[in-house]
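Enquirer: Last residue of the sequence shown? That's 584 in this note's numbering, and every number before it is there in order.
Hints are supplied without guarantee of correctness; some may be wrong.
[Stated by the list, open to error] Capping the alpha-carbon separation at 25 Å, the derived lysine-lysine pairs in DSS-like fashion look like this:
#1 Lys342 - Lys583
#2 Lys455 - Lys28
#3 Lys436 - Lys245
#4 Lys28 - Lys478
#5 Lys342 - Lys403
#6 Lys294 - Lys83
#7 Lys403 - Lys16
Hints in this document: simulated from the structure, not taken from any laboratory.
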Amino acid sequence: MPFDLQIQRTYLEKKLAAFEAVKDIKPIAALHDDFSGVEFGVISSAQGIEQIIDDNQIIMISGAQFGDEAKGKWGNAFSKKVHKAVRANSGTNTGRTICYNGEKLSFHLTPTALIEGIPSFIGAETVADPISFEQEELELLREKGISYDTLAIGNIFITTPYHRIIDVLGSALNASTGVGISPTHKSIKAKTCPRLDDLCNDEGRLRRVLAKDYKNYVGFIAAEGLSFGNIIYQLSELQQKNKRIVPDHVLAFAQAQNQLDFLVDLYTQRVAKNPNFPKRVDVGYEVQQALKQGEKILIEVTQSHLLSNSRQQGYRYSTSADVTALGALASLGVSPLKYKTIVINVNKFPGSSRVGPGDIPGSFVAQNHFAESGVTSLKQLGDACINFEAICDVYFNSVQKNGILEPVQYADVTGTYEIGEAMAISNARTFDEKGATTGKPRITGLFDCVLGKFVADEQGPYTVISCMDRGSLCDKVGLVVGYVVSLPSGLEKIDCNGELYRTGKVIMPGDRVPTSDVLQYCVPIIKVMDGWKNTTLSQLQPGEKLPLPVSQVLAAIEHYTGFKVLAIGTGPQTNQALYLKQ
C-alpha cells in the first residue's frame, strides 16, 4: 500500500464529515440540463488554425487550469503559421512536453516553437539558472540536431546556486519545485537579483552584484541554524534522489572555500565566454519591432491563469509571477489595445491535474495527499488501484442525485481506499500523470466549470481542450457544475471579501469565486454524463460529426463556462487534434 494508514484514516474521517453535512442539499438545476440537441463538426486543421491566425497578430497560448494542460502541444501546432515566438516570463519551475520524431522532449525555458524552426525569444522577465539551462536544454537541442541559431535570450534574472539551496532546504512539503524560483523572486523584489547583463560585463561589476545578493543566503543560514557542513550533507543526500534538484554545480558551490570566487568563475566561463550560449537581445524591443512590421507573434504563457500571483483565489499556492495573459503582455511591454490579440486557453479532460499544493474542489484528493505519504514517483504506487474501469464505475455510481459524491471505499489486493484516493491513483497511473519539472505524480480531478467560468470571464472566450481521447476509456464522465460549502465542526462561517460563507451555501459558475480560505471546504457538485467508451476520436475526418456524447460534454462546458471550444486533443502528438465547428 503506497499510503500511510493513519493519513488514510484521518482523510476518510474528514471526507465523511464533509459529506454528512451537505449530503441532503437540494439538486441544482444544472444537474437536469440536457444537451442532446447540439452537434460539433470536424474541420481541417489548416482551416481551424488559419481562421485563428489570419484574424490576429498576437496569438497567446495560456493554461486555463493549474498547469499540465499540454500547452506545448498547442503552442507547437499554432507556431507553424507565425513569424516569431516568445516565452514572456516566469521561470524554470514550469515544463512543456512535446513529441518530436516520436519522442517526448521536455523544455522548461525554450519556446517549443523553436522545434518548428520559428525564431524564438526568452523574455527579460524570465527567471532561470543559466548553467542548468545549458545542460538540460541546449545540450538536448544539440543532441537531437535541432538548431538554436534563431534563439535569443533577454536580460533574464539569474537563479544562483544559493537561491536553489534556500529553496530545497527551506520550502515546506510539496510547496516548491525546488529549482530556486521563489528565493530568486525575493531577490528581485529586493532589487538585488543578478541579471544576465551582469554576468557578461566586467568581473568587478559581477562580484559587486553577487556580493550584495549573497547576503540573503548568509541570513538564511543564520536563521535556519545551519552549518556549511550540514548543508553539504543534505545536498549530497538530495542529489542521490533527484539530480535535477541538486545538480553538480550547486553542490560544488556549497563545497567551495570561497563561494563568491566560485560564482564569478562559473558565470565567466560557462556563460559569458561560452560560444554555445544563445545570443543576447532586448526581447521587448525585438517583439515591438516585429509587430510594427506586421509580423505575427506567438506568446507562450507559462503555468496557468489560476496559478498567477496576481489572482487572490490561490495566492498562497501560486507561482511567483503574473502568469495571466495580461501579465505576459505586460512583461513584454506589449499593448493588447494596439494589436489584435487572441488568447487560446488550454483546458484538459477529464479534468485538471496539478503536482503542487492548493485547494482545488474538483480534485479527487487533497493536493498534498501523495506528498504527505512520501509518494514522489508513479513507481511508488505499485499495483494499487490498477483496475481503472472498476474504480470509475464505483466512483460515478457513488454520486447521488444531488451531485454529491458519497465517499465509499474501494478495496483491492493492496488495501482499502476512499474512492477519491482510488480515482487519484488510477488516473495518475492510467494516463501517466507526472510533472514535467518534478516527476511527481499529479493529483487529477474533474473538469471544473466554476473555475472555468472564472477564467473565461477574465481572458476568454476561446479554448482548446486536451486529452479528450481519454473519454474513450470511460462509460461515464463528470463535470463540476457547482460547489457546496461544508465547514468543519466548530467553524460557523468564513468572511471572504465581505461575503459570509456557511455550510450549505452553493457556489455556481458565474458567482464570485472565494479564496482558498473557503475553497478548502468546498464539496463539488458533480454532473454525471455519458462517456464515449471504445470510440477512437483520432479516426474522425473533416466533414464528419463528433460522437453525440462528446458533443454533449463540449456543449455543457460551453454553456456553464462561456468558453468557445476551437479544438480538442486526441493524443499527445501535435497533429492529434480535431478542429471544430458547431
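Enquirer: Confirm or reject each hint.
Expert: Structure-based check of each hint:
no. : hint            : result
1   : Lys342 - Lys583 : 22 Å, holds
2   : Lys455 - Lys28  : 23 Å, holds
3   : Lys436 - Lys245 : 17 Å, holds
4   : Lys28 - Lys478  : 23 Å, holds
5   : Lys342 - Lys403 : 45 Å, violated
6   : Lys294 - Lys83  : 18 Å, holds
7   : Lys403 - Lys16  : 22 Å, holds
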